[in-house]
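Q: Start from chain R and add chain D according to the hints.
There are 2 protein chains.
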Amino acid sequence: MDKIFKNIGIVGLGLIGGSLARTIKKRNLADTIVGFGRNQERMQKACGLGLIDEFYVGYEQGFKDIDLVVLGTPVKTIIHIAREVIPHLSPGTVITDVGSVKAQIVEQIEAIMPPGLHFIGGHPIAGTENSGFEWSLTDLFEDRKCILTPTDNSNQRALDRLKQFWIQAGSRVICMDVKTHDMILAAISHLPHMVAFSLVNAIVDMEDSKNNILQYSAGGFKDFTRIAASDPVMWRDIALLNKENLIRSIDFFEKALASLKDAIQREDGKNIEELFWKSHDTRRGI
Amino acid sequence: MDKIFKNIGIVGLGLIGGSLARTIKKRNLADTIVGFGRNQERMQKACGLGLIDEFYVGYEQGFKDIDLVVLGTPVKTIIHIAREVIPHLSPGTVITDVGSVKAQIVEQIEAIMPPGLHFIGGHPIAGTENSGFEWSLTDLFEDRKCILTPTDNSNQRALDRLKQFWIQAGSRVICMDVKTHDMILAAISHLPHMVAFSLVNAIVDMEDSKNNILQYSAGGFKDFTRIAASDPVMWRDIALLNKENLIRSIDFFEKALASLKDAIQREDGKNIEELFWKSHDTRRGI
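Read top to bottom, the protein sequences are chains R and D. Under the working numbering, the residues of the first sequence are numbered 851 to 1136, in order. Under the working numbering, the residues of the second sequence are numbered 851 to 1136, in order.
Here chain R stands alone, though its shape is the one from the complex (with noise of 0.2 Å):
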């Protein structure tokens, strides 16, 4: 197997970009793996751990044989370190991000990419409530859809390239434009953790000081409140990036909650039924 890209430099060692390196080390998916990052004992742990071959602490140098950038930082930095990092690369390079939200990456980076360069957005719908390259795992991304976000504006050959290299990764590639992808991202995941957040905290408002109610949650709400121990850093910054999709599902939200809680009022057993058996077929096809 051909390798698609020689030299990947991978910008930011999470859970993310950490697990990333992991398959392209077991899938020998390139001959050098570069990290960089501004945290000089986390490079050096990376590389210890046999995650990367080479590091640079900064975005000034390392970046001359890189062909292919992957933004693995949170949200928020991506636009500012791609701004850094653009300057130092070569003709013909690849930059990719795996961002949580589009619209506002995509646009501002490629506002900013030079002729010559190629940047393609994407976002590997995996991940787990753990941060950092310590919780990186080899096979993340095994089986898991890929979004690539290309634009009119994206060079048709480093999207067929960057869409090689996540096959060979072991994702499934599907395109589509940064609208849908952020509406989409907002109903399936973005919901599910403001959700989350507010079943735990609400149950947190309900505690009294006779009763711990907390340490009766059973398997159920655990597995059901997993994604409430994620990153808050990073959910308040996809939260804020895609503020207007957000919005919209939690309206969705709160619209099929009070429905259902009228019907619960009213002692409406058929309708109450009736919503139950409509999420009940729709999750048994999945």
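Take these hints with a grain of salt, some might be off.
Because identical chains share one entry, a pair is satisfied inside a single copy or across any pair of copies.
[As the list claims (entries may be wrong)] Straight-line Cα separation of at most 25 Å, DSS-like style, residue types lysine-lysine; simulated pairs: (1) K1105 - K1093; (2) K926 - K875; (3) K926 - K1111; (4) K926 - K995; (5) K1072 - K1111; (6) K926 - K1128; (7) K1013 - K1093; (8) K1029 - K1072; (9) K1029 - K1111; (10) K1013 - K1128; (11) K1120 - K995.
No wet-lab data here; the hints were simulated from the structure. Since this is a predicted model, take the numbers as computed values, not measurements.
A: Only chain D this time, still in chain R's reference frame:
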């Protein structure tokens, strides 16, 4: 180990009744397990699978030698079935149930309990989204909490025996009053189910002809909404029987979500982050 009960009757062989039968068999907790139900074919199948040793169709015969009756039918039918079963029980028999709501069930069954028979409400905090003994598990109760809800009228010896029985079944037994039980379960079990049902319904409502949003649901969403595939009829009855506590829990949740939505709308990053840290720290602490 002495057997606390010699002949156990299980009325209703669903997921819980079936799993209890498997547990009794595996741990050798009784000489005989007798199944009682309405559907001959189902009982025959359970007997063929070795879950029960014998069975009776209907609730009129077979109870003479039973010293523990477990009512495992859906919450709405428990009181009705208790009424049918009681006249046929021998003195000293202990009766319990496994219903997810306790106040109404315990109050109404105690009211019809003749002297010499002992009812103690019970609720093993265990289950999956599946229904029926075909899905029953030998280890469903292992290391899980089982709540018993004795009242001032409860026979102490019957309570002790039932407690020991559930301990021998692998559970950690906790006693509390029915009101506390119903309040806690509304918060950590019934509310999350209402939220999961409503979340799936909201996403169905959002679907448009262009985008099939649900096809993009990844692992996180699937884990989160697994309970939305639970039995609609069972959950309708739980919602109706625990109405007051459930509405109160939904109120708390609506407020928590509204605060977050408001912070997102105001783009108040500090406030959003605070709310996420609250649930993050709580969830990590469970």
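Q: For each hint, tell me whether it holds in the structure or not.
A: Status of each hint after checking the structure:
1. K1105 - K1093: The answer is both: 18 Å in one copy and 19 Å across copies each meet 25 Å.
2. K926 - K875: neither (28 Å within a copy, 57 Å between copies)
3. K926 - K1111: This pair counts as between: shortest inter-copy Cα distance 20 Å, intra-copy 37 Å.
4. K926 - K995: within (23 Å within a copy, 43 Å between copies)
5. K1072 - K1111: both (23 Å within a copy, 24 Å between copies)
6. K926 - K1128: Classified as between; 22 Å across copies, 37 Å inside a copy.
7. K1013 - K1093: neither (28 Å within a copy, 52 Å between copies)
8. K1029 - K1072: Only across copies: K1029 and K1072 sit 23 Å apart there, 33 Å inside one copy, limit 25 Å.
9. K1029 - K1111: between (32 Å within a copy, 21 Å between copies)
10. K1013 - K1128: Cα proximity of K1013 and K1128: none, with 36 Å in one copy and 39 Å across.
11. K1120 - K995: For K1120 and K995, neither the intra-copy (38 Å) nor the inter-copy (32 Å) Cα distance is at most 25 Å.
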